[in-house]
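Number of protein chains: 2
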Amino acid sequence: MSNKLKGACLFAQSGGPTSVINASAYGVIKTALEAPEITKVYGAAHGITGTLHDTLYDLGEEDPAELKLLMNTPSSALGSCRYKIKEEKDLARILEIFKKYDIRYFFYNGGNDSMDTCLKVEGFLQKNNYDCRVIGVPKTIDNDLLGTDHCPGYGSAAKYIATSVAEVNRDAVVYDTGIIVIVEIMGRHSGWLTGASALAGFAGSPPDLIYMPEIPFDTEAFLKKAERIYKEKNSCLVAVSEGIRDSDGCFISEAKASATDGFGHEQLGGLAARLSNTVKQATGAKVRGIELSLLQRCGAHLASQTDIDEAFLAGKSAVEYALSGESGKMVAFERAAGAAGYKCEIMMLPLDVCANKEKKVPREWINEAGDYVEQAFIDYALPLVRGENTRTVENGLPRFANLKKIRAAAPSFPTGD
Amino acid sequence: MSNKLKGACLFAQSGGPTSVINASAYGVIKTALEAPEITKVYGAAHGITGTLHDTLYDLGEEDPAELKLLMNTPSSALGSCRYKIKEEKDLARILEIFKKYDIRYFFYNGGNDSMDTCLKVEGFLQKNNYDCRVIGVPKTIDNDLLGTDHCPGYGSAAKYIATSVAEVNRDAVVYDTGIIVIVEIMGRHSGWLTGASALAGFAGSPPDLIYMPEIPFDTEAFLKKAERIYKEKNSCLVAVSEGIRDSDGCFISEAKASATDGFGHEQLGGLAARLSNTVKQATGAKVRGIELSLLQRCGAHLASQTDIDEAFLAGKSAVEYALSGESGKMVAFERAAGAAGYKCEIMMLPLDVCANKEKKVPREWINEAGDYVEQAFIDYALPLVRGENTRTVENGLPRFANLKKIRAAAPSFPTGD
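Top to bottom, those sequences are chains A and B. Under this note's numbering, the letters of the first sequence match residues 56 to 472, in that order. Under this note's numbering, the letters of the second sequence match residues 56 to 472, in that order.
Just so you know, not all the hints are guaranteed correct.
Just so you know, same-sequence chains aren't split out, so a pair can sit in one copy or run between any two.
Here are the simulated SDA-like cross-link-like pairs (lysine to any residue), alpha carbons at most 25 Å apart as the crow flies [unchecked claim]:
hint, residue 1, residue 2
1, Lys139, Val228
2, Lys286, Arg462
3, Lys398, Val448
4, Lys341, Leu201
5, Lys175, Ile270
6, Lys154, Thr94
7, Lys335, Glu413
8, Lys414, Asp157
9, Lys182, Thr333
10, Lys123, Glu443
Don't read these hints as lab results, they were simulated from the structure.
My request is simple: use the sequences and hints to build the entire structure.
Following this line, the structure appears as structure tokens:
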């Protein structure tokens, strides 16, 4: 059997966007447009739902210069979704659409839920003897995908968080009246992002305490420690993950009653305000709660160039591996151990290794008291935030990509498969 | 009488810090250190309170390379205060300290309250025949100082706000499920900062509605308009000033019961959360409230180079004008009318023009409905955000100035005056 497979390619973006997800998009789109085997490059509106609704864009119609601006355009340019596919019905519809457009390459850019979608699509197409190569392209600021050293999107969010914490820490100490600052950082079940706040130490302004979801949160112990630090140095900056829970597994944010997203995840938020109130009552100190909210995942102006380059490479590699015959895999990163300096290489990971699973921060990368990271965490995270991006700026403001998003016409085949 | 006055100089920073206040500090310190008439350059810890407590730093002891890093170091490097001087007692103490260190030049970097402090110090020294030149150096992200075209600090905060709103707006529309986003922006009594969110239009992602304190806030009209926009385009981004009030003058944030700062200003906050709740209840839409909080005033990584240059120039000019004999003035900016492109020149403004006064956004720069800015506002604000800064970055993180802050020893004079 030859590895050559001629046909169209479909690309889609899923889950929460990142600062660099569109760099992966550019990696896929550019490489696919240049590949002789690929007849058409389609993008689905709003992830897999765009396939279900038959809303595909013909990306060959886009201006190449605009496509290139995707390298520094935050958020999912094609739109995203949080949709868990209904197995038989949705998969049959996906096959129908794939046949309609002769889609032989499918690239899905997302996190662990999206890799599950990939896995199901791939299995269904195989079962129905439809020849199509399915590759997952990783992205998530949460950095919780199993089997890869790290995920595109993480480095930029980490850089945003570390820089912002350093700046806020400088601001917080200007008055001699003292202050406790609580910075709430994203991360439902893992502390990768919150731990990155420690990198603010490289700017001379590290946080004093770091609380991650991996360790049950003990409010009394926290209050005692924060007050001691506050009394010692007249300020205390606390970096805290939105997902911290008490020893019974209850979210400290107590937001369990609120709405859930399409995957059944609870929508958290408001922890900074809640915790600030607790601290104010317990210590009498001036307290300020700051929630980094969406800013940390869309702050493309502060994206790490290492992250941008790797996001592009992930997209490019996905297409190259698919062309060479790979399918049912996710692009992953492997860090060269013991290399002088940072070096990561691409490897291909079976989708079921990462689908629906979550990678936590190793216990030994968190200190014994559970309120700071160890040097091993810092050594891991630091290379990922390096590199200043060279985005296009006009009038002092970012110039984002503006895609025409021309709806794909139904092709004049079907060709046989 | 010659203009030559030999003696020491004292510099201090007051009020809320900005991303570029230390660029003004560098302008003052560098120019003063190079001036033959100036015998010593002191910095007061925490503004005027450092003078009262006799905690002065000898800035001649600092490493010149570290001082230069002040150009891109956010927040007040010497510390700040919000202290309203008690007239007779504090002024007598200030004179005592000035005599002790032979201070003949006093530069105070702050907003309208600080200019009032300047005015009082200057009047008291004159009344007591103590020869000392007093110059105010403007700073405030609020941009509400009267008599100057704009204030150093504003352009950088405006750039941060416009960029963040553009990024958040891109992020908010990725899902097809629809969303209303409320972005809370600083500004107690004027809408200069909130209006700057309109510049996000240059990045292709303007806000839909802008509410400023100059216009009484009508909750019903707002809900109606937000819902209409949301229904039309499946999203609505609202930029809202923390200081908006209803037609009775009550803050919408309803934070009136909370603590006040040293000047008697109410501490606002929490408006985004409150308003989000109102909108959610009224529309049933998914709503997200984002408070830019301290981030907008300390985000030096995104400082406008125009703002940095002007902040430095303000500090430098303050020293130069003082050396030439000026006193009782504030450095101000005058924009050249009708010039091709943006051009501002330094002028000296009597302190009583700006002390304790507030400049609002002109009514004609706000649309009739009171929910957006007019082109005149955009033309005014845009040049101030232009220019990308070239800060020093190490390990992907900002390299801020680290001052030694060596306490000034009591000099071995007094010399006669």
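To see whether the hints hold, each was checked on the structure:
no., hint, result
1, Lys139 - Val228, "between (46 Å within a copy, 20 Å between copies)"
2, Lys286 - Arg462, "between (62 Å within a copy, 23 Å between copies)"
3, Lys398 - Val448, "between (30 Å within a copy, 21 Å between copies)"
4, Lys341 - Leu201, "neither (41 Å within a copy, 31 Å between copies)"
5, Lys175 - Ile270, "neither (33 Å within a copy, 55 Å between copies)"
6, Lys154 - Thr94, "within (14 Å within a copy, 84 Å between copies)"
7, Lys335 - Glu413, "neither (34 Å within a copy, 32 Å between copies)"
8, Lys414 - Asp157, "neither (36 Å within a copy, 63 Å between copies)"
9, Lys182 - Thr333, "neither (56 Å within a copy, 50 Å between copies)"
10, Lys123 - Glu443, "both (18 Å within a copy, 21 Å between copies)"
When held up to the earlier numbered hints, the structure conflicts with 4, 5, 7, 8, 9 and fits the remainder.
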